[in-house]
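These protein sequences, in sequence, are chains Z and A.
Going by our numbering, the final residue of the first sequence carries number 238, and the count climbs one at a time with no gaps.
Going by our numbering, the final residue of the second sequence carries number 214, and the count climbs one at a time with no gaps.
None of these hints come from the bench; they were simulated from the model.
Even for Gly, the Cβ is constructed at its ideal location relative to N, Cα and C.
There could be a bad hint or two in this list.
Computed beta-carbon distance windows for the label pairs [stated by the list, open to error]:
# : chain 1 : residue 1 : chain 2 : residue 2 : range
1 : A       : E131      : Z       : C215      : 16 to 24 Å
2 : A       : R26       : Z       : R231      : 52 to 60 Å
3 : Z       : S3        : A       : D185      : 41 to 49 Å
Partial list, computed: chain A residues near chain Z (C-beta under 10 Å) [said to hold, decoys possible]:
#  : residue
4  : E30
5  : H57
6  : F60
7  : L65
8  : L77
9  : L81
10 : H103
11 : L150
12 : L151
13 : T152
14 : A181
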Amino acid sequence: MSHPVELPGAQQPPQVAAFIAGHGMLRKRPVPPRVLELIEQSFSRYAELSNPRGVWQEVTRDEFMDLYRGEGLNEPRTPLDRIVARAERLALFAVTLGQALDSCIERLFASDEPALAYLLDAVASERADHAASLLAARFAGVSPASSSSVLPYSPGYCGWHITGQRPLFERLRPERIGIGLNASCLMQPLKSVSGVLVGGPPGIHVFDDDFDFCEACRTHACRLRIDGLRGGAPWTS
Amino acid sequence: MDIVKQIADGLERGDHELVRARVREAIECRVETATILEQGLVAGMNVVGERFRNHLVFLPEVLLSARAMSAGMELLRPLLIRDAVPGRGKVVLGSVRGDLHDIGKNLVGIMLRGAGFDVVDLGHDVPPERFVETAEREQAQIIGLSALLTTTMSGMGEVVNLVERRECRGRIKIIVGGAPVSDAFAREIGADAYGFDAASAVERVQALIAAG
Numbered sequence: 002m003s004h005p006v007e008l009p010g011a012q013q014p015p016q017v018a019a020f021i022a023g024h025g026m027l028r029k030r031p032v033p034p035r036v037l038e039l040i041e042q043s044f045s046r047y048a049e050l051s052n053p054r055g056v057w058q059e060v061t062r063d064e065f066m067d068l069y070r071g072e073g074l075n076e077p078r079t080p081l082d083r084i085v086a087r088a089e090r091l092a093l094f095a096v097t098l099g100q101a102l103d104s105c106i107e108r109l110f111a112s113d114e115p116a117l118a119y120l121l122d123a124v125a126s127e128r129a130d131h132a133a134s135l136l137a138a139r140f141a142g143v144s145p146a147s148s149s150s151v152l153p154y155s156p157g158y159c160g161w162h163i164t165g166q167r168p169l170f171e172r173l174r175p176e177r178i179g180i181g182l183n184a185s186c187l188m189q190p191l192k193s194v195s196g197v198l199v200g201g202p203p204g205i206h207v208f209d210d211d212f213d214f215c216e217a218c219r220t221h222a223c224r225l226r227i228d229g230l231r232g233g234a235p236w237t238s
Numbered sequence: 003m004d005i006v007k008q009i010a011d012g013l014e015r016g017d018h019e020l021v022r023a024r025v026r027e028a029i030e031c032r033v034e035t036a037t038i039l040e041q042g043l044v045a046g047m048n049v050v051g052e053r054f055r056n057h058l059v060f061l062p063e064v065l066l067s068a069r070a071m072s073a074g075m076e077l078l079r080p081l082l083i084r085d086a087v088p089g090r091g092k093v094v095l096g097s098v099r100g101d102l103h104d105i106g107k108n109l110v111g112i113m114l115r116g117a118g119f120d121v122v123d124l125g126h127d128v129p130p131e132r133f134v135e136t137a138e139r140e141q142a143q144i145i146g147l148s149a150l151l152t153t154t155m156s157g158m159g160e161v162v163n164l165v166e167r168r169e170c171r172g173r174i175k176i177i178v179g180g181a182p183v184s185d186a187f188a189r190e191i192g193a194d195a196y197g198f199d200a201a202s203a204v205e206r207v208q209a210l211i212a213a214g
């Protein structure tokens with residue numbers, strides 16, 4: 002059974018200070034007032050235009066692994082192999098912030114407002130991830146297992162080949178909330194996130210970033226997620 | 003402060019209204035077009051680029067300066083053509099077939115324009131033939147390819163192969179960039195350069211053009 006949901010919490014822009022810190026803007030000097038003003042403008046546009054929605058569908062481990070193997074293009078060794086083996090609950094998911102944001106960002110670039118376009122894109126990317134976290138919290142709140150943590154994992158990351166989107170979309174049907182998939186496995190609207198929500202004891206999500214593909218990773222964002230679990234993330238029930 | 007210095011100063015501050023007004027004034031005062039461009043707009047943008055490389059300004063500030071550059075160039079472009087002032091070079095830019103991501107490519111385009119290059123932005127989801135045909139028609143020296151997906155980055159190799167098949171490899175050089183792209187991948191497909199980010203893409207384009 003699938004669960005389409007509204008995610009009004011994701012329509013709120015982030016805290017300015019957190020957004021600035023997240024974009025490395027405090028490293029050398031304070032943010033100038035004209036940039037702060039642009040950040041505020043981008044937040045207003047975001048709140049006005051975003052329409053966050055999500056959908057999830059619980060699956061068994063075997064069902065997920067069938068889907069995960071996909072077209073056989075995953076890396077030979079991936080963190081999800083081990084994580085899923087120890088998971089208590091799994092759900093396919095997708096979230097989107099809607100088409101209006103994509104269109105506005107495109108318009109701003111075309112009308113020579115690149116700074117505002119860039120900031121709106123940055124806040125929307127951050128909020129799309131936040132929407133996935135909110136959906137994870139929602140999933141964790143449905144008959145949660147004891148001491149369970151839920152984290153989202155997505156095709157295109159950590160060795161899960163991007164073509165994994167195809168079987169995921171066939172099963173989940175996120176078209177219902179307005180997300181399409183093109184021939185390159187690219188989601189539209191662009192500010193969308195899909196993948197699997199993995200629930201279980203927090204320890205199952207911990208892994209070392211020493212896989213072959215980790216070398217090419219620019220962000221190592223998995224470290225922050227794992228650190229977040231230690232700090233008691235909001236989606237930890 | 004002389005008017006050309008004011009243009010450079012306005013550029014550094016990202017004040018597009020000031021830059022537009024001062025460029026208009028400089029044109030009315032018959033300041034040489036090449037002087038307005040080189041000592042005003044490009045000089046100001048060079049300072050901003052240097053500050054960005056040294057992490058002294060944030061990307062949105064660079065983009066404000068780029069907008070100011072664009073405001074000045076709008077007034078200057080017809081005069082540059084009239085006076086036959088040689089350009090810094092022309093770049094055909096786009097996201098490869100199947101890829102709808104624009105942001106990285108847009109940033110590169112803005113920074114290239116800010117550095118004084120002519121940019122023909124083909125947008126996203128661009129087939130290989132369109133890149134090459136446009137570069138030939140526009141007599142561009144560089145094709146810039148962007149991809150954000152592992153499923154679309156193979157399209158970059160198709161463009162390199164097409165340039166080779168059409169025997170225009172000597173005239174047109176190819177630079178690639180995007181999240182899944184690396185220096186090793188660029189070498190593997192036979193691209194001439196890899197831009198890690200928008201700032202480094204501009205440096206690589208400058209180097210490719212200087213190398214002829």
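Please name the hints from earlier in the document that this structure breaks, with their numbers sorted from lowest to highest.
-> 1, 4, 8, 9
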